[in-house]
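Those protein sequences? They're chains A and B, same order as listed. What the first sequence shows, in the numbering used here, is residues 1 to 156, in sequence order. What the second sequence shows, in the numbering used here, is residues 1 to 575, in sequence order.
Don't take every hint at face value.
To give an idea of the interface, some chain A residues facing chain B are shown, with a C-beta separation under 7 Å as derived from the structure [as the list claims (entries may be wrong)]: (1) Gly24; (2) Phe26; (3) Ala27; (4) Asn32; (5) Gln66; (6) Lys69; (7) Pro72; (8) Val73; (9) Ile77; (10) Arg130.
In the DSS-like style, the derived pairs of lysine-lysine whose C-alpha atoms are separated by at most 27 Å in a straight line are [stated by the list, open to error]: (11) B:Lys190 / A:Lys75; (12) A:Lys65 / B:Lys225; (13) A:Lys69 / B:Lys327; (14) B:Lys225 / A:Lys75; (15) A:Lys69 / B:Lys187; (16) B:Lys530 / A:Lys75; (17) B:Lys515 / B:Lys530; (18) B:Lys225 / A:Lys69; (19) A:Lys65 / B:Lys204; (20) B:Lys202 / B:Lys293; (21) B:Lys142 / A:Lys69; (22) B:Lys178 / A:Lys65; (23) B:Lys225 / B:Lys204; (24) A:Lys65 / B:Lys142; (25) A:Lys65 / B:Lys337.
Keep in mind that the hints were calculated from the coordinates and are not lab data. Here a beta-carbon is modelled for each residue, glycine too, at the ideal position from N, C-alpha and C.
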Amino acid sequence: MADVRRVISVLVANESSVLSRISGLFAGRGYNIETLTVAPVPDSDLSHVTIATNGNERVLEQITKQLHKLVPVYKVIEHEEMVEKEMVLVKFPIEESLADIEALCGAYNGGIVNVGVSMFIGMVADEPCRVKHFIEAAGRYNPMEIVRGGVVAIER
Amino acid sequence: MKMNGAQMVCEALIAEGVKTVFGYPGGAIMNVYDEIYKQDGFEHILNRHEQASVHAADGYARATGDVGVAMVTSGPGFTNAVTGLATAYMDSIPMVVISGQVPLSLIGTDGFQEIDAVGISRPCTKHNYLVRELSDLPRILKEAFHIARSGRPGPVLVDIPKDITAEFGDFVYPEEVKIASYKPTIKGNKRQIEKAIDAIVKAKKPLLYIGGGVVLSNASDLVRKIAEMGQIPAVETLMARGVMGHSNPLLQGMLGMHGNYSSNMAMSETDLIISLGARFDDRVTGKLSEFAKYADIIHVDIDPANIGKLVDVDYPIVGDVKEVLDKMIAGLEGRVKPERYSDWREVLERYDNLHPQSYVDTDDVIKPQWVIERMGELVGEQAIITSDVGQHQMWAAQHYPFDRPRQWINSGGLGTMGFGFPAALGAKKAFPDKTVINVTGDGSILMNVQELVTAAEYKIPVINVILNNHFLGMVRQWQTFFYEERYSETDLTFQPNYKALAEACHGIGYDVTTKAEFDAALKDAIEKDKVAFINVQVARFENVLPMVPAAGALYNMMLPKKGDSKKENSGKEAK
Numbered sequence: 001m002a003d004v005r006r007v008i009s010v011l012v013a014n015e016s017s018v019l020s021r022i023s024g025l026f027a028g029r030g031y032n033i034e035t036l037t038v039a040p041v042p043d044s045d046l047s048h049v050t051i052a053t054n055g056n057e058r059v060l061e062q063i064t065k066q067l068h069k070l071v072p073v074y075k076v077i078e079h080e081e082m083v084e085k086e087m088v089l090v091k092f093p094i095e096e097s098l099a100d101i102e103a104l105c106g107a108y109n110g111g112i113v114n115v116g117v118s119m120f121i122g123m124v125a126d127e128p129c130r131v132k133h134f135i136e137a138a139g140r141y142n143p144m145e146i147v148r149g150g151v152v153a154i155e156r
Numbered sequence: 001m002k003m004n005g006a007q008m009v010c011e012a013l014i015a016e017g018v019k020t021v022f023g024y025p026g027g028a029i030m031n032v033y034d035e036i037y038k039q040d041g042f043e044h045i046l047n048r049h050e051q052a053s054v055h056a057a058d059g060y061a062r063a064t065g066d067v068g069v070a071m072v073t074s075g076p077g078f079t080n081a082v083t084g085l086a087t088a089y090m091d092s093i094p095m096v097v098i099s100g101q102v103p104l105s106l107i108g109t110d111g112f113q114e115i116d117a118v119g120i121s122r123p124c125t126k127h128n129y130l131v132r133e134l135s136d137l138p139r140i141l142k143e144a145f146h147i148a149r150s151g152r153p154g155p156v157l158v159d160i161p162k163d164i165t166a167e168f169g170d171f172v173y174p175e176e177v178k179i180a181s182y183k184p185t186i187k188g189n190k191r192q193i194e195k196a197i198d199a200i201v202k203a204k205k206p207l208l209y210i211g212g213g214v215v216l217s218n219a220s221d222l223v224r225k226i227a228e229m230g231q232i233p234a235v236e237t238l239m240a241r242g243v244m245g246h247s248n249p250l251l252q253g254m255l256g257m258h259g260n261y262s263s264n265m266a267m268s269e270t271d272l273i274i275s276l277g278a279r280f281d282d283r284v285t286g287k288l289s290e291f292a293k294y295a296d297i298i299h300v301d302i303d304p305a306n307i308g309k310l311v312d313v314d315y316p317i318v319g320d321v322k323e324v325l326d327k328m329i330a331g332l333e334g335r336v337k338p339e340r341y342s343d344w345r346e347v348l349e350r351y352d353n354l355h356p357q358s359y360v361d362t363d364d365v366i367k368p369q370w371v372i373e374r375m376g377e378l379v380g381e382q383a384i385i386t387s388d389v390g391q392h393q394m395w396a397a398q399h400y401p402f403d404r405p406r407q408w409i410n411s412g413g414l415g416t417m418g419f420g421f422p423a424a425l426g427a428k429k430a431f432p433d434k435t436v437i438n439v440t441g442d443g444s445i446l447m448n449v450q451e452l453v454t455a456a457e458y459k460i461p462v463i464n465v466i467l468n469n470h471f472l473g474m475v476r477q478w479q480t481f482f483y484e485e486r487y488s489e490t491d492l493t494f495q496p497n498y499k500a501l502a503e504a505c506h507g508i509g510y511d512v513t514t515k516a517e518f519d520a521a522l523k524d525a526i527e528k529d530k531v532a533f534i535n536v537q538v539a540r541f542e543n544v545l546p547m548v549p550a551a552g553a554l555y556n557m558m559l560p561k562k563g564d565s566k567k568e569n570s571g572k573e574a575k
């Protein structure tokens with residue numbers, strides 16, 4: 001069985017140690033985590049955890065089932081038809097071409113979000129593979145720091 | 001009613017019908033012990049080690065089916081309890097363990113006897129709680145018992161900071177549990193069950209594969225019924241011994257690494273596995289690619305994660321095995337034809353005659369298998385047998401004539417040495433009128449030997465039969481077979497005087513070197529009604545056979561030598 005990538009959303013009770021239950025489950029059973037993001041669901045006592053993972057079909061099925069067994073887990077959604085976005089912030093030295101980089105960020109649905117005395121910051125939010133391409137392209141402009149966020153996804 | 005958190009704990013335990021709590025006090029749990037002193041709703045047994053407290057609560061739970069309860073303090077008290085939690089977790093035993101914790105204000109400061117109990121126990125509990133507010137305590141205790149006993153049972157830890165047990169508040173114990181995110185599937189899917197029924201009717205060589213889930217679900221009667229109505233052969237896992245009853249002709253025996261020949265061959269040749277509360281453990285399946293190659297699989301399990309975990313399943317049914325069997329039996333009525341499987345039964349009978357469960361008995365030295373069989377003859381149905389882990393455990397599982405579920409109590413999943421003696425204390429507390437015998441080895445018994453004192457103090461007269469081969473026998477057996485007889489750290493020739501050790505702790509000891517002495521010792525121990533060590537010198541180099549070498553195919557068994565079986569069909573269920 002070949003490994004495939006999958007994005008899983010988990011709705012959990014927003015209580016202490018719930019994240020460690022999830023990350024501990026992945027660590028203890030040897031599952032991969034590519035990215036993991038957590039945020040409270042507005043107007044509820046739930047949190048939304050988005051996990052990008054990979055594994056063969058048997059492993060992915062186990063991940064879903066084992067997540068579901070955790071007592072604070074309400075719902076596990078394995079995304080198939082989804083909109084998936086990831087964010088990245090990149091810090092450039094002020095000597096680089098602001099115009100070029102603004103155009104680059106614009107090509108990936110982003111822009112310049114902060115300009116300081118010695119640096120400026122570009123931001124892009126796009127699909128994970130496009131974020132990867134953006135980072136490759138930004139490499140030509142001597143980025144000082146790159147910070148990627150995890151994936152968030154929503155079913156279409 | 002206003003009361004402090006400690007009193008709430010006691011009131012909750014009483015409301016849950018708890019009769020016996022096993023535990024050990026310490027700083028962070030002292031408030032609760034102060035309330036235990038004042039109440040008379042339940043008895044507290046002071047074990048001499050927290051691990052033993054948890055195993056005793058576990059043994060109590062396995063013997064009764066009720067939730068076992070243990071109580072420990074923070075830090076080392078809790079860490080000593082971890083092995084007990086893991087043991088119960090692996091075998092799905094309902095248990096609530098209450099641990100003290102440092103006061104909330106000290107959490108995270110590396111306080112005295114502080115350890116992250118919830119963090120450590122997360123992978124070895126079904127669920128766990130750190131109580132952060134007194135107002136949550138009644139609800140959490142109620143949920144803990146509910147989670148422990150419902151669905152696939154398991155141990156639940158409730159970690160309570162010391163200031164919470166001191167604080168006063170209103171106590172109302174909830175009538176009901178509301179956990180929106182926790183709803184185990186109990187009833188099996190009707191259409192899936194119908195498909196499974198069709199598969200059974202169409203099969204030529206069906207086989208009931210019975211696991212510990214049947215014991216947990218109290219479904220033994222139904223399993224016997226479905227076996228009987230279709231005359232379907234059955235194999236039991238280590239955890240299911242007693243479900244079919246040893247004299248049932250449909251029972252092939254135990255399967256797996258130390259299963260008997262006909263059981264393992266049945267599993268290798270069946271065309272339809274009817275798996276009931278079993279989980280295809282590696283000690284059962286052997287090499288997966290060679291496992292039951294010709295079979296379709298019906299898998300009934302209350303835990304969906306068990307289904308499809310290791311083998312592909314054709315008829316998955318998530319539900320309580322009791323509920324599912326009820327429907328299955330009704331659907332099979334009039335449709336299942338016992339004569340359809342008669343050739344299959346004949347094949348298995350031939351296999352059993354070819355290689356029955358056997359050993360070579362002798363009068364020169366006591367064979368460990370003889371001890372087990374003799375116990376079966378002398379106390380048989382009326383005893384509860386616990387065991388530690390190793391060769392003695394396998395011999396007990398192979399040779400004791402188990403008649404009913406919950407008669408056989410052992411650590412199957414985790415394989416915890418030191419489990420048997422404290423578990424026996426728990427079983428004996430639950431059933432004081434039954435003879436409770438821990439079958440153990442000279443290795444295992446030392447791992448919770450301090451319980452001699454507990455047993456003597458509380459007059460819990462369990463009998464420990466030590467099959468003493470002066471070896472860490474199972475490891476020695478592997479060294480013989482797979483490590484060219486390099487007996488690295490397994491020689492236990494240096495050992496205590498077990499008789500004197502028992503007597504030093506106010507118990508009674510026997511040294512046994514002949515069969516007659518064993519009979520006399522067991523009889524005397526039962527009559528004296530005191531905690532006992534029966535130290536039986538057994539053949540040093542006896543091996544547990546048959547044996548499927550780890551990662552080998554189930555049908556490739558190392559068998560006892562043929563031809564010199566003086567005593568055939570000895571441990572094997574009579575046909």
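Structure-based check of all given hints:
no. : hint                : verdict
1   : Gly24               : holds, 5 Å
2   : Phe26               : violated, 11 Å
3   : Ala27               : violated, 9 Å
4   : Asn32               : violated, 18 Å
5   : Gln66               : holds, 5 Å
6   : Lys69               : holds, 6 Å
7   : Pro72               : holds, 6 Å
8   : Val73               : holds, 6 Å
9   : Ile77               : violated, 14 Å
10  : Arg130              : violated, 35 Å
11  : B:Lys190 / A:Lys75  : holds, 24 Å
12  : A:Lys65 / B:Lys225  : violated, 32 Å
13  : A:Lys69 / B:Lys327  : holds, 26 Å
14  : B:Lys225 / A:Lys75  : violated, 38 Å
15  : A:Lys69 / B:Lys187  : holds, 17 Å
16  : B:Lys530 / A:Lys75  : violated, 54 Å
17  : B:Lys515 / B:Lys530 : holds, 22 Å
18  : B:Lys225 / A:Lys69  : violated, 31 Å
19  : A:Lys65 / B:Lys204  : violated, 33 Å
20  : B:Lys202 / B:Lys293 : holds, 18 Å
21  : B:Lys142 / A:Lys69  : holds, 19 Å
22  : B:Lys178 / A:Lys65  : holds, 22 Å
23  : B:Lys225 / B:Lys204 : holds, 19 Å
24  : A:Lys65 / B:Lys142  : holds, 25 Å
25  : A:Lys65 / B:Lys337  : violated, 37 Å
Hint compliance for this structure: hints 2, 3, 4, 9, 10, 12, 14, 16, 18, 19, 25 are not met, and every other hint is.
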